[in-house]
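Below, each chain spelled out in residue letters.
Protein chains: 2
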Amino acid sequence: MTSSSQQHQTELTRKPDRGRQDRADLDVVLDAMPVGTLSTVVDGRPWVVPMLFCRDGDRLLLHGSTGAGALRHVAAGSPAALSVVHLDGIVVADSTFESSANYRSAVVYGSLSPIEGDEKDAGLRKLSDAILPGRTTEVRPSTGKELAATLAMSMPIVEGSWMVKTRSGPPSEPGDPNVWEGVVPLGLTVGPPEPAPWLSAGVPVPASVRALADGWPAR
Amino acid sequence: MTSSSQQHQTELTRKPDRGRQDRADLDVVLDAMPVGTLSTVVDGRPWVVPMLFCRDGDRLLLHGSTGAGALRHVAAGSPAALSVVHLDGIVVADSTFESSANYRSAVVYGSLSPIEGDEKDAGLRKLSDAILPGRTTEVRPSTGKELAATLAMSMPIVEGSWMVKTRSGPPSEPGDPNVWEGVVPLGLTVGPPEPAPWLSAGVPVPASVRALADGWPAR
Chain C
1 MTSSSQQHQT ELTRKPDRGR QDRADLDVVL DAMPVGTLST VVDGRPWVVP
51 MLFCRDGDRL LLHGSTGAGA LRHVAAGSPA ALSVVHLDGI VVADSTFESS
101 ANYRSAVVYG SLSPIEGDEK DAGLRKLSDA ILPGRTTEVR PSTGKELAAT
151 LAMSMPIVEG SWMVKTRSGP PSEPGDPNVW EGVVPLGLTV GPPEPAPWLS
201 AGVPVPASVR ALADGWPAR
Chain R
220 MTSSSQQHQT ELTRKPDRGR QDRADLDVVL DAMPVGTLST VVDGRPWVVP
270 MLFCRDGDRL LLHGSTGAGA LRHVAAGSPA ALSVVHLDGI VVADSTFESS
320 ANYRSAVVYG SLSPIEGDEK DAGLRKLSDA ILPGRTTEVR PSTGKELAAT
370 LAMSMPIVEG SWMVKTRSGP PSEPGDPNVW EGVVPLGLTV GPPEPAPWLS
420 AGVPVPASVR ALADGWPAR
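In order, the protein sequences belong to chains C and R.
Every letter in the first sequence is one number past the one before it in my numbering, and letter 217, counting from 1, is 217.
To convert, take the position in the second sequence, counting from 1, and add 219; that gives my numbering.
Selected chain C positions facing chain R (in silico; Cβ < 8 Å):
#: 1; residue: M33
#: 2; residue: T37
#: 3; residue: T96
#: 4; residue: S128
#: 5; residue: I131
#: 6; residue: S142
#: 7; residue: V179
#: 8; residue: V183
#: 9; residue: V203
#: 10; residue: P206
#: 11; residue: V209
#: 12; residue: A213
Okay, the calculated beta carbon distance ranges per label pair:
#: 13; chain 1: R; residue 1: R242; chain 2: C; residue 2: E194; range: 25 to 31 Å
#: 14; chain 1: R; residue 1: G353; chain 2: C; residue 2: R72; range: 44 to 50 Å
#: 15; chain 1: C; residue 1: A32; chain 2: R; residue 2: R242; range: 28 to 34 Å
#: 16; chain 1: C; residue 1: D31; chain 2: R; residue 2: G288; range: 29 to 35 Å
Here chain R is said to cover these stretches of chain C; the calculated rule only asks that three of the stretch's residues, wherever they fall, bring their Cβ under 8 Å from a Cβ of chain R:
#: 17; segment: 48-55
#: 18; segment: 78-87
#: 19; segment: 105-113
#: 20; segment: 186-194
Keep in mind the hints are simulated off the structure, nothing from the lab.
A quick note: this is a predicted structure, and the numbers were derived from the prediction, not measured.
Quick reminder that beta carbons are idealized off the backbone N, C-alpha and C, glycines included.
Assemble the whole structure, with the sequences as input and the hints as a guide.
In structure tokens form, the structure reads like this:
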């Protein structure tokens with residue numbers, strides 16, 4: 001994401017001609033972590049909020065509070081973008097200009113729509129299970145009051161309205177072989193589950209949590 | 220970032236009355252990782268790109284290619300926002316509604332300005348050294364051609380035009396002590412430096428890379 005890769009990095013080139021492989025690339029990036037940045041426009045200015053989300057086939061699912069005014073504005077169909085970025089490493093070259101970063105990033109452009117009625121609970125369950133697979137089978141169903149307090153939203157993934165960009169590997173151009181160049185890799189790790197302090201002794205860790213702790217992402 | 224915390228999460232509440240402590244909170248979040256999401260408005264629609272950045276006192280520094288048209292648009296003073304989000308854990312409650320995520324997030328609103336003249340090289344060096352401290356002392360200076368190909372930009376951090384939101388700890392409301400609740404912690408880790416394949420044998424790892432590999436973030 002520094003100079004040597006900026007031509008690719010900063011030009012928003014939508015890719016209507018990209019085929020299945022690239023859509024698969026998009027899905028891999030979207031599925032790698034359940035947090036992104038939702039951007040929209042309010043009064044001509046950017047409005048931005050980090051959001052939990054998941055991909056459900058050809059749509060994104062998000063949720064929020066029905067009390068959040070700006071989010072309702074987004075859900076009413078304003079143009080929006082959901083972006084994710086994973087920093088995978090610092091690319092060290094023999095000049096700052098050729099140094100870079102390894103990353104996976106995606107932006108999906110579109111409009112959010114509220115999910116209503118029977119589909120709402122199902123959408124929220126999908127979002128929960130994307131973050132912590134199987135959890136919805138371990139807990140009680142959401143109550144009507146809880147559902148009413150939650151804004152469930154979807155954004156279709158439309159061909160030609162998304163981009164995925166990744167960089168990996170060492171510097172693009174080999175330099176002097178006697179000057180160190182390479183990559184400092186970065187990665188997200190999951191730690192051992194931390195029980196809440198009020199738990200009784202010996203309460204078993206549920207299967208969903210054990211699975212998450214054993215592998216990230218869970219999907 | 221799920222239901223129980225959404226009132227805080229999704230309402231964009233700018234905090235003009237927050238004092239020094241909160242500004243310090245902002246700095247901690249901004250300094251934790253050098254990648255964020257730059258959002259602006261192009262033709263009434265959101266335009267979003269992941270960017271390397273750093274905080275330099277009361278401003279953010281970013282860079283891009285001078286060939287990137289939309290980025291020049293941003294650098295020309297369009298309203299913009301730089302956001303960062305770090306996912307620190309999955310908060311597991313006894314209902315999906317009370318489940319949440321631990322995170323640190325920040326959004327800085329403002330306008331980008333290009334950095335020109337004598338300040339340009341200095342700004343780019345600060346950005347490089349924020350990502351990999353000390354690296355600029357180990358490599359040759361940037362050439363005039365490299366500087367000309369790079370767009371250096373700054374965004375002031377103005378009181379009242381930023382927000383920082385964090386969540387930590389177990390579920391907000393204790394549930395049944397016989398049902399497991401808690402947190403699955405997530406964290407960014409740095410791996411051992413990976414030399415480029417063309418390096419000669421025995422080329423030492425430079426001090427900047429050793430320091431980064433020993434602790435992240437480096438700052």
